[in-house]
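Construct all of the structure, not just a fragment, from the sequences and the given hints.
Protein chains: 2
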Amino acid sequence: MPLQISDLSDAVLHTHYAVRGPIVARAQELEDHGKEIIYCNIGNPQALGQKPLSYVRNVLAACERPELLKVANHAFLDDVREKARYILEQSRYGIGAYSESKGLRFVRAAISEFIAARDSHDGVAQASNPEHVYLTDGASKGVQTALRLLIASGNDGILIPIPQYPLYSATITLYGGRQIGYYLDEESGWGLNEQLLEDAMRRAMKEGIRARAIVVINPGNPTGSVLSEDDMRMVIHFAKRHNLAILADEVYQENIYKPGLKFISFAHLMSKIEEREVSLFSFHSTSKGFFGECGQRGGYMEVRNVPEEVIAQITKLQSVALCANLPGQVLTYLMVSPPVAGEPSYRLFDEERNAILSELGKRAKMMEEGLNRIPGIHCQPIDGAMYAYPSLSLPAGRTDEEYCMTLLEATGVCVVPGSGFGQKPGTAHFRTTILPPTSQIEHVIDAIAAFHLQWR
Amino acid sequence: MPLQISDLSDAVLHTHYAVRGPIVARAQELEDHGKEIIYCNIGNPQALGQKPLSYVRNVLAACERPELLKVANHAFLDDVREKARYILEQSRYGIGAYSESKGLRFVRAAISEFIAARDSHDGVAQASNPEHVYLTDGASKGVQTALRLLIASGNDGILIPIPQYPLYSATITLYGGRQIGYYLDEESGWGLNEQLLEDAMRRAMKEGIRARAIVVINPGNPTGSVLSEDDMRMVIHFAKRHNLAILADEVYQENIYKPGLKFISFAHLMSKIEEREVSLFSFHSTSKGFFGECGQRGGYMEVRNVPEEVIAQITKLQSVALCANLPGQVLTYLMVSPPVAGEPSYRLFDEERNAILSELGKRAKMMEEGLNRIPGIHCQPIDGAMYAYPSLSLPAGRTDEEYCMTLLEATGVCVVPGSGFGQKPGTAHFRTTILPPTSQIEHVIDAIAAFHLQWR
Numbered sequence: 001m002p003l004q005i006s007d008l009s010d011a012v013l014h015t016h017y018a019v020r021g022p023i024v025a026r027a028q029e030l031e032d033h034g035k036e037i038i039y040c041n042i043g044n045p046q047a048l049g050q051k052p053l054s055y056v057r058n059v060l061a062a063c064e065r066p067e068l069l070k071v072a073n074h075a076f077l078d079d080v081r082e083k084a085r086y087i088l089e090q091s092r093y094g095i096g097a098y099s100e101s102k103g104l105r106f107v108r109a110a111i112s113e114f115i116a117a118r119d120s121h122d123g124v125a126q127a128s129n130p131e132h133v134y135l136t137d138g139a140s141k142g143v144q145t146a147l148r149l150l151i152a153s154g155n156d157g158i159l160i161p162i163p164q165y166p167l168y169s170a171t172i173t174l175y176g177g178r179q180i181g182y183y184l185d186e187e188s189g190w191g192l193n194e195q196l197l198e199d200a201m202r203r204a205m206k207e208g209i210r211a212r213a214i215v216v217i218n219p220g221n222p223t224g225s226v227l228s229e230d231d232m233r234m235v236i237h238f239a240k241r242h243n244l245a246i247l248a249d250e251v252y253q254e255n256i257y258k259p260g261l262k263f264i265s266f267a268h269l270m271s272k273i274e275e276r277e278v279s280l281f282s283f284h285s286t287s288k289g290f291f292g293e294c295g296q297r298g299g300y301m302e303v304r305n306v307p308e309e310v311i312a313q314i315t316k317l318q319s320v321a322l323c324a325n326l327p328g329q330v331l332t333y334l335m336v337s338p339p340v341a342g343e344p345s346y347r348l349f350d351e352e353r354n355a356i357l358s359e360l361g362k363r364a365k366m367m368e369e370g371l372n373r374i375p376g377i378h379c380q381p382i383d384g385a386m387y388a389y390p391s392l393s394l395p396a397g398r399t400d401e402e403y404c405m406t407l408l409e410a411t412g413v414c415v416v417p418g419s420g421f422g423q424k425p426g427t428a429h430f431r432t433t434i435l436p437p438t439s440q441i442e443h444v445i446d447a448i449a450a451f452h453l454q455w456r
Numbered sequence: 001m002p003l004q005i006s007d008l009s010d011a012v013l014h015t016h017y018a019v020r021g022p023i024v025a026r027a028q029e030l031e032d033h034g035k036e037i038i039y040c041n042i043g044n045p046q047a048l049g050q051k052p053l054s055y056v057r058n059v060l061a062a063c064e065r066p067e068l069l070k071v072a073n074h075a076f077l078d079d080v081r082e083k084a085r086y087i088l089e090q091s092r093y094g095i096g097a098y099s100e101s102k103g104l105r106f107v108r109a110a111i112s113e114f115i116a117a118r119d120s121h122d123g124v125a126q127a128s129n130p131e132h133v134y135l136t137d138g139a140s141k142g143v144q145t146a147l148r149l150l151i152a153s154g155n156d157g158i159l160i161p162i163p164q165y166p167l168y169s170a171t172i173t174l175y176g177g178r179q180i181g182y183y184l185d186e187e188s189g190w191g192l193n194e195q196l197l198e199d200a201m202r203r204a205m206k207e208g209i210r211a212r213a214i215v216v217i218n219p220g221n222p223t224g225s226v227l228s229e230d231d232m233r234m235v236i237h238f239a240k241r242h243n244l245a246i247l248a249d250e251v252y253q254e255n256i257y258k259p260g261l262k263f264i265s266f267a268h269l270m271s272k273i274e275e276r277e278v279s280l281f282s283f284h285s286t287s288k289g290f291f292g293e294c295g296q297r298g299g300y301m302e303v304r305n306v307p308e309e310v311i312a313q314i315t316k317l318q319s320v321a322l323c324a325n326l327p328g329q330v331l332t333y334l335m336v337s338p339p340v341a342g343e344p345s346y347r348l349f350d351e352e353r354n355a356i357l358s359e360l361g362k363r364a365k366m367m368e369e370g371l372n373r374i375p376g377i378h379c380q381p382i383d384g385a386m387y388a389y390p391s392l393s394l395p396a397g398r399t400d401e402e403y404c405m406t407l408l409e410a411t412g413v414c415v416v417p418g419s420g421f422g423q424k425p426g427t428a429h430f431r432t433t434i435l436p437p438t439s440q441i442e443h444v445i446d447a448i449a450a451f452h453l454q455w456r
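Protein chains in written order, with UniProt numbering: chain A, 1 to 456; chain B, 1 to 456.
Treat the hints as calculated values from the structure; they're not laboratory data. Among these hints, one or two may not hold up.
Which copy is meant is left open, so a pair is good if it fits within one copy or across any two.
Unchecked claim - Here are the simulated EDC-like pairs of lysine to aspartate or glutamate, each with C-alpha atoms no more than 16 angstroms apart in a straight line:
id : residue 1 : residue 2
1  : 51        : 67
2  : 262       : 122
3  : 272       : 29
This structure is a prediction, so every number in the text was calculated from the model and none was measured.
Next comes the structure, spelled out in structure tokens:
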């Protein structure tokens, strides 16, 4: 008899990943039948018209085919040629061979330098160990490795924010762990609240769950909030008090739009307060920021305050599927070692970066203001990341799943219901990206407004 | 307190992946200290000098940077330009955007056509459903998805050949399943033997293990054997009798060296005998064959005889980490739709392919004959794949682990002990790849011969 659905584990069956769930499947069906769909369900910038950075693609093309540096010499600026040659030389075999399980050494070294430079401020001289850096296929794979390590029994729990990015809930379920939701405080712009963290912890203890780690997404997905140093400090003390590791999802670190706000990494703050007892896993990606290279799956995980014997276990886990893809590793290298002022590629690189980031800032503002103009929809400030997560006043008994599905059918706008990210009981939300071009954002807002006013 | 080794699960701690284990770590240390190492531990052709195919890299370079088709038009043949344009058009957003979770549709369609063409022979008109094809980051990730699906409880077992490729043992342990080893028959060139399969099944039942699937690696890793149709038919009947799914690891399907031998896929044979009750997961990769593109992590999994509701579960699992990397997806597309006679790229493509495959055939023969000339070492015929797995006569009480570690220290030749792949109690083996260039193979054999004669 063929494999049946009844043969599968509860862990598989109960895994739920809303960002690509039934609403998106329905959107694809509608699109196949000729309906125009605006995909606001997923942070996929190049699918909504964002151009890849010229510098990055030029180097990657030369790495794929080094002969181009000879036969089409004129098509590459000097620093692109040098960078590609350096990569090919340092990788020894080019991008067609497996690398070490952790990833190419020179890339890990460059990541450590990037972290040290980024985090050496405010009186802190930061250092990072390249042997504690892992190249991953996007940040997702790094998160999964960390969760694999931390969930040792069906009783082990991971604190995740509510709302959260569903990679976390899905992976925790799939790995047979327990999810411990802690609420973010919508009224204060989705801020952290120590009381809400302790509440979550108490509930977990009552259920006999052993909490192992806390996930913090900063800037926030889906919330768009950016953490203050005080909130981060509070989280570190909380983690220490309860013997938790911290998983710091920092993939939106370049995506901060509110003037005056600055990204602070957990690695920086933990160095600043000389915290060496709390294990830290931080994640970064080439899919977000201004690269937006989602398809090429680059990213890294840096691990701190973890003994060498645990590092060896992580390396072993990485080795089972051999290594992260090499184009993604090269991309990650380019992210952490971009052209600098004076190099031939710098001017265009800088222009393209600034254009993308200021455009994203503009779209965040348009989305926030536009949604807030709709009676019955309320959106907190979008200070960072790539999403809006507005609350909806819905008629009694109706759910945001129904709302989003009907919105899709009526307007072609594809957003994801709040139920996929988690929310306080009795509230309703959806997540939309801020990624459509400005002309489309207006259309999206108008469509939602018209829909919202008549939906019952 | 930081995360401790005692916090980790037994599943993590017991996972063992020999191909990148302590011997390889030691090899890297020695290399860092200036010793010349010949890495025969892993099938990584480009690290041992195999050149990537020009056609493939030209198309990939153009996909990374489409402007090259204009600014360096002369550097691309007509069919390369067309192919790249087709890929960019069909993918809609190029290679920088996430694709569908299953992978790009046109790539899946091309894979289905490839399978149908490959498998339509011997009176069988084969068909393949693109909706049952999944693009994966190398074959490894596909294998892991299938095992994730099949291991539903700590009592679920997977039959794997002994010797096997340690991806299987490692993943089964990591996912908390039970490994059921079935011996291959060394004396008959590592053939399959129904009695040995039934023995394994009986042992499993006695231990209360519920067998869920059988893994077959054809051509064999590490054995180099190629299955006959009769053996495959026996496996299918065995699987049906015991209600097992089949995992067909067919990544070496292009690597058959013995004249007259032909690759037969499980999909073909199951169509031929009209078997519709046995679920089949088959795997292919761009890392082996004559592409050897290990670093770019391309591959696919095709699923058969599985109900649609299970297909939906597989798609959900794939979606949690978004999608396979797009350069790898493009590479897989090129593997299944190579240039054809008459196209401008064909001649060089064909030359490069034939040169690689005939070179690999030559190396397989050299390795087999060379090892068999050493008294106390016996190697079965290397009919396919990329490895030799000779048996060793060792002094009483000595292990192949010690042997390989000492061989490495003495000669710089890095091979993997039989204990990492599994072997009959009381026997000793190592696995070496056949990949070093011919001049190095002679050196490897001489080094092993000299070492073997004096090692006590």
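Right, here's what the structure says about each hint:
In this assembly of identical chains, the alpha carbons of residue 51 and residue 67 lie at most 16 angstroms apart only when taken from different copies (12 angstroms versus 25 angstroms within one copy). Taking the shortest Cα distances, residue 262 and residue 122 sit within 16 angstroms of each other inside one copy (12 angstroms), while across copies they are farther apart (67 angstroms). When the C-alpha separation of residue 272 and residue 29 is checked against a cutoff of 16 angstroms, the pair qualifies neither within a copy, at 52 angstroms, nor between copies, at 34 angstroms.
In summary, the one numbered hint that this structure violates is 3.
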